[in-house]
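Chain A is fixed; fit chains B and C onto it per the hints.
Listed in order, the protein sequences are those of chains A, B and C.
Position in the first sequence (first residue = 1) + 1 = our numbering.
Position in the second sequence (first residue = 1) + 86 = our numbering.
Position in the third sequence (first residue = 1) + 5 = our numbering.
Misleading hints may appear alongside valid ones.
[Stated by the list, open to error] Label pairs and their calculated CB-CB ranges: (1) B:183 <-> C:33: 10 to 20 Å; (2) C:82 <-> A:218: 52 to 62 Å; (3) A:319 <-> B:313: 28 to 38 Å; (4) B:157 <-> C:93: 30 to 40 Å.
[Said to hold, decoys possible] Computed far set for chain B versus chain C, every beta-carbon distance over 10 Å: (5) 113; (6) 132; (7) 164; (8) 185; (9) 233; (10) 259; (11) 260; (12) 263; (13) 287.
[Said to hold, decoys possible] Output of the computed footprint for chain C on chain B, the stretches with three or more beta carbons under 8 Å from beta carbons of chain C: (14) 117-124; (15) 176-184; (16) 216-226.
Everything labelled a hint here was simulated from the structure, so no lab data went into it.
Even glycine gets a Cβ: it sits at the ideal position worked out from N, Cα and C.
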Amino acid sequence: MDAATLVLDEATKVYPGQDEPAVDRLSLEVGAGEICVLVGPSGCGKTTAMRMVNRMIDITSGDILIDGASVRDRDPAELRRQIGYAIQQIGLFPHLTIAENVATVPKLLRWDRDRIRARVDELLALVQLDPDETRDRYPAQLSGGQRQRVGVARALAVDPPLMLMDEPFGAIDPINREKLQNEFLRLQREIRKTIVFVTHDIDEAIKMGDRIAILRKGGRLAQYAPPAELLMEPADRFVEDFVGADRALKRLALQRVRDIDLWRAPLARAGDPVASVRAQTAACDLPYPLLVDEAGRPLGWLSEAALAGETVTADLVSDPQPIVELDDVLRDALSDLLQHESQYGPVVDARGAVAGVLSIEAIGHALRDSDAVPRAADAAVEG
Amino acid sequence: MSTLAFLGEFGEAIQFIFEGETTREGTQVGGSQFLELTVEHIKVSVVAMVVACALAIPLGLWLGHIRRGSFLAISLSNVGRAVPSLALIAFFVAYLGVGFTNVTLALVLLAIPPILTNAYVGVTQVHRETVDAARGMGMTEARIALRVELPLALPLIFGGIKTSAVNVIATATIAPLAGVTTLGDAIINVSGYGDVGRLAAAISVAALAVMTELTLGAAQRAVTPRGIRLESGRPSRRRTLSTRIGRTASP
Amino acid sequence: MVASAVAALTAPLAQVQLRDRSGGDAGCVADDGLCPGWIADNFDRYVDPLVQHVYLVLASVAIGFAISFALALVAHRHRWMIAPIVQVTGILYTLPSIAVFFLLLPLTGRGSLTAIVALVAYSLLIIFRNITTGLDNVPEEARDAGRGMGLTDRQLLWRVELPLALPEIMAGLRIATTTTVGLATLAFFAGAGGLGGQIFADINFKSNVVVAGGLAVLLAAVLDAAILLAQRAITPWTRARAA
Numbered sequence: 002m003d004a005a006t007l008v009l010d011e012a013t014k015v016y017p018g019q020d021e022p023a024v025d026r027l028s029l030e031v032g033a034g035e036i037c038v039l040v041g042p043s044g045c046g047k048t049t050a051m052r053m054v055n056r057m058i059d060i061t062s063g064d065i066l067i068d069g070a071s072v073r074d075r076d077p078a079e080l081r082r083q084i085g086y087a088i089q090q091i092g093l094f095p096h097l098t099i100a101e102n103v104a105t106v107p108k109l110l111r112w113d114r115d116r117i118r119a120r121v122d123e124l125l126a127l128v129q130l131d132p133d134e135t136r137d138r139y140p141a142q143l144s145g146g147q148r149q150r151v152g153v154a155r156a157l158a159v160d161p162p163l164m165l166m167d168e169p170f171g172a173i174d175p176i177n178r179e180k181l182q183n184e185f186l187r188l189q190r191e192i193r194k195t196i197v198f199v200t201h202d203i204d205e206a207i208k209m210g211d212r213i214a215i216l217r218k219g220g221r222l223a224q225y226a227p228p229a230e231l232l233m234e235p236a237d238r239f240v241e242d243f244v245g246a247d248r249a250l251k252r253l254a255l256q257r258v259r260d261i262d263l264w265r266a267p268l269a270r271a272g273d274p275v276a277s278v279r280a281q282t283a284a285c286d287l288p289y290p291l292l293v294d295e296a297g298r299p300l301g302w303l304s305e306a307a308l309a310g311e312t313v314t315a316d317l318v319s320d321p322q323p324i325v326e327l328d329d330v331l332r333d334a335l336s337d338l339l340q341h342e343s344q345y346g347p348v349v350d351a352r353g354a355v356a357g358v359l360s361i362e363a364i365g366h367a368l369r370d371s372d373a374v375p376r377a378a379d380a381a382v383e384g
Numbered sequence: 087m088s089t090l091a092f093l094g095e096f097g098e099a100i101q102f103i104f105e106g107e108t109t110r111e112g113t114q115v116g117g118s119q120f121l122e123l124t125v126e127h128i129k130v131s132v133v134a135m136v137v138a139c140a141l142a143i144p145l146g147l148w149l150g151h152i153r154r155g156s157f158l159a160i161s162l163s164n165v166g167r168a169v170p171s172l173a174l175i176a177f178f179v180a181y182l183g184v185g186f187t188n189v190t191l192a193l194v195l196l197a198i199p200p201i202l203t204n205a206y207v208g209v210t211q212v213h214r215e216t217v218d219a220a221r222g223m224g225m226t227e228a229r230i231a232l233r234v235e236l237p238l239a240l241p242l243i244f245g246g247i248k249t250s251a252v253n254v255i256a257t258a259t260i261a262p263l264a265g266v267t268t269l270g271d272a273i274i275n276v277s278g279y280g281d282v283g284r285l286a287a288a289i290s291v292a293a294l295a296v297m298t299e300l301t302l303g304a305a306q307r308a309v310t311p312r313g314i315r316l317e318s319g320r321p322s323r324r325r326t327l328s329t330r331i332g333r334t335a336s337p
Numbered sequence: 006m007v008a009s010a011v012a013a014l015t016a017p018l019a020q021v022q023l024r025d026r027s028g029g030d031a032g033c034v035a036d037d038g039l040c041p042g043w044i045a046d047n048f049d050r051y052v053d054p055l056v057q058h059v060y061l062v063l064a065s066v067a068i069g070f071a072i073s074f075a076l077a078l079v080a081h082r083h084r085w086m087i088a089p090i091v092q093v094t095g096i097l098y099t100l101p102s103i104a105v106f107f108l109l110l111p112l113t114g115r116g117s118l119t120a121i122v123a124l125v126a127y128s129l130l131i132i133f134r135n136i137t138t139g140l141d142n143v144p145e146e147a148r149d150a151g152r153g154m155g156l157t158d159r160q161l162l163w164r165v166e167l168p169l170a171l172p173e174i175m176a177g178l179r180i181a182t183t184t185t186v187g188l189a190t191l192a193f194f195a196g197a198g199g200l201g202g203q204i205f206a207d208i209n210f211k212s213n214v215v216v217a218g219g220l221a222v223l224l225a226a227v228l229d230a231a232i233l234l235a236q237r238a239i240t241p242w243t244r245a246r247a248a
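This is chain A alone, in the form it adopts within the complex (with noise of 0.2 Å):
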């Protein structure tokens, strides 16, 4: 079967005795082939709005169309055995096997024995399972991954246009749910299905989605839009904010040392006199006057002592590590201060002369500054 359109038009839910709708007016169009995520802090009704698409939940109003067609106007059983369902508690049927598990809605549909028999180890197969080793074996003989995996093999049994996947992966320990968000990408490239998946986690939210749709609370959509947009102009400050963190770590990892405003600290050389030392200090960020060498390379901090005189005596406190470089990416240079429990590091230009003084309170600055960095969001998208 071909991937289906699928399309919400002002879908909404109110549960009986409820003045607030779980869902208002969701509008959303997915294309063919599409991953959508329904993104969103808990109690914003993703899960709500993804049940309402095989009618695990009717809408009270609006509108459901797959394939230009309601879903309204079909049998809630009849429309379910043709779109997959996976959710993150899997529900495996414990009292069946493997195979029979996954057997479970070509049965409904009353496919034959041998074809059953073979789609289910094709099924097997295509997500990675050993048909031989597993076929005969009940649940409860399944690792949690390989649980997660059957689950994803039942609800593509049928070959169905649209798949509902419900934090599939939330159960799962972090090393292997990054395997198997990988795996699932490779699978999707090769199967082309329609997909609604709901997830409560952004950076899942980047990686799997295709478009994503982020609710707040009371099922309004704040924006629904490729993670690329969705990074680079967020729709609003919820937006922003549910974004954030995520959006933050990513830039650090893109900007480098010269991108942001460095700290100034007065820069004295031996023999100087402290007087034009101390005058200095009043315009600088940073009241501890640094030592540099002739070349203006970095020898350490001054003590007190130093500058106790009429001129600067190479008296130090500390050497000047961490030195960070100009085109250092951010990430590294704040491993590095925090490697040598550090607030503050000088920063050098090629030739090893003092350009500045790189702070951890710098690079909170520029993470909080979001329009300073425009690359960030490009390069996310590869992430």
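Using the frame of chain A, we list chains B and C on its own:
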């Protein structure tokens, strides 16, 4: 057999309980004599229950506290169910003879398994973290058993007592076989009481059992710590999940 | 009518012969002892009561199961019915069977019908509660996945919920069966025979008490084991553990 006749027999039986009648031989049955039977019935049951509780509750608490003997505690109740009460009484009569003590002993054996098993299960189902926390705060083992495990196990222990008590009351009905004249006397020595007396005994035994059940049921609710009642009133994990998912559409 | 069919099926009640002690070692027998010789000579007198006993137990548990199952399915759809059903069957469970036998006499007369009605009444709560608990313990995610894949409510019940509830349903059957074996020893009070009549007939004679009582215990153990084996056969997944 008309409905009227049926009601009539019950009417006569109730009258027999409260007023009694004189048999052809001139002995008084029913009425005050029935009260004596009832007192004897309750007496043998209560004595047996007290002894059974005194033995089974400490043993169950102790086994549960050390988390040992699950096989004993669980299989005892299975075996207890499989031994017919009539066979037990008969066995005592055949081997030890008749008498109040022997009947009491038989009833004690009958009553122990549910109480022991429930006390054991009640203690073992107390969360390990709760006990750990108590130990971590420096409570002695005895204090943990009495102040933490016992209160939390009380509802189940009372459930066991209730099951045993109802069973003991029922079984005391056949005690006249072993020479103790309980209400069952009217059933077993039917020639002395007649059909009406027998029906009266059946009504009385049934009433005793139901009253025991209701009283101990109320006691069970009363001893349930308020915190536990609140907990069990809370929606279960399962319910929480279905609430999250919401009501599903009906086809 | 079920009632008349049941009555017709019942074998003619064996006449209990009070204190018939022919056969075996006369000295041992006179002494109320446990006499292997007497037991060997007289074992056949226990066969009919045993057969009656088995009949009473199987009929009662089967009928009790059928009623409880129907009630549980109805209450599964209409959950408000659980509380009243538990209350009513709870009273039936509390009433001592020996009392119920006589309370029923004016209605159903002497015979196995009375005994079976009383035993059925006793078993309802046990079986009903186990079926309900079993259905309630079905993992919500299995139910949700089933619905999500397009199983109708009926398909969900028969293909997912009931199979998953089987271990608890069978556990209920085991408890009901062993208890009914015990209670059926009192059925002779209702004129339904069984091993109890044999015990009652000569309660001081150790040989008699041990054989009749022993057969009852053995019957309970055998039926319990049979149900357990059946359960293992039909619930293979319960023994499947991570390799």
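Now the hints, each set against the structure:
A beta carbon spacing of about 18 Å between residue 183 of chain B and residue 33 of chain C agrees with the range 10 to 20 Å that was offered as a hint. Range check, residue 82 of chain C to residue 218 of chain A: Cβ separation about 35 Å, and the 52 to 62 Å hint is violated. Distance hint check for residue 319 of chain A and residue 313 of chain B: the Cβ-Cβ separation is about 58 Å, which falls outside the suggested range of 28 to 38 Å. A hinted range of 30 to 40 Å for the beta carbons of residue 157 of chain B and residue 93 of chain C is consistent with their spacing of about 36 Å.
In this structure residue 113 of chain B is separated from chain C by more than 10 Å, as the shortest Cβ-Cβ distance comes to about 21 Å. Annotated as non-interface, residue 132 of chain B keeps its C-beta farther than 10 Å from every C-beta of chain C; the closest such distance is 17 Å. Under the 10 Å C-beta cut-off, the non-interface status given to residue 164 of chain B relative to chain C is violated; the minimum distance is some 7 Å. For residue 185 of chain B, the shortest C-beta to C-beta distance to chain C comes to about 13 Å, beyond the 10 Å cut-off, and the non-interface label holds.
With 10 Å as the threshold on Cβ separation, the claim that residue 233 of chain B sits away from chain C holds: the shortest Cβ distance comes to roughly 31 Å. Separation of residue 259 of chain B from chain C is inadequate, the least Cβ-Cβ distance of about 5 Å not exceeding the 10 Å criterion. Residue 260 of chain B, annotated as away from the interface, has a beta carbon of chain C within 10 Å; the closest lies near 7 Å. A beta-carbon of chain C comes within 10 Å of the beta-carbon of residue 263 of chain B; the shortest separation is about 6 Å.
Remark: the non-interface label on residue 287 of chain B conflicts with the geometry, its nearest Cβ contact in chain C lying 7 Å away (cut-off 10 Å). For the segment 117-124 of chain B, the stated coverage by chain C is violated: 0 residues have a C-beta nearer than 8 Å to a C-beta of that chain, whereas at least 3 were required. Coverage of the segment 176-184 of chain B by chain C holds [criterion: at least 3 residues with CB-CB distance below 8 Å; count 5]. Judged by the Cβ-Cβ criterion of 8 Å, the segment 216-226 of chain B is not covered by chain C as claimed, because only 0 of its residues qualify and three are needed.
Comparing the model with each numbered hint stated earlier shows that hints 2, 3, 7, 10, 11, 12, 13, 14, 16 do not hold.
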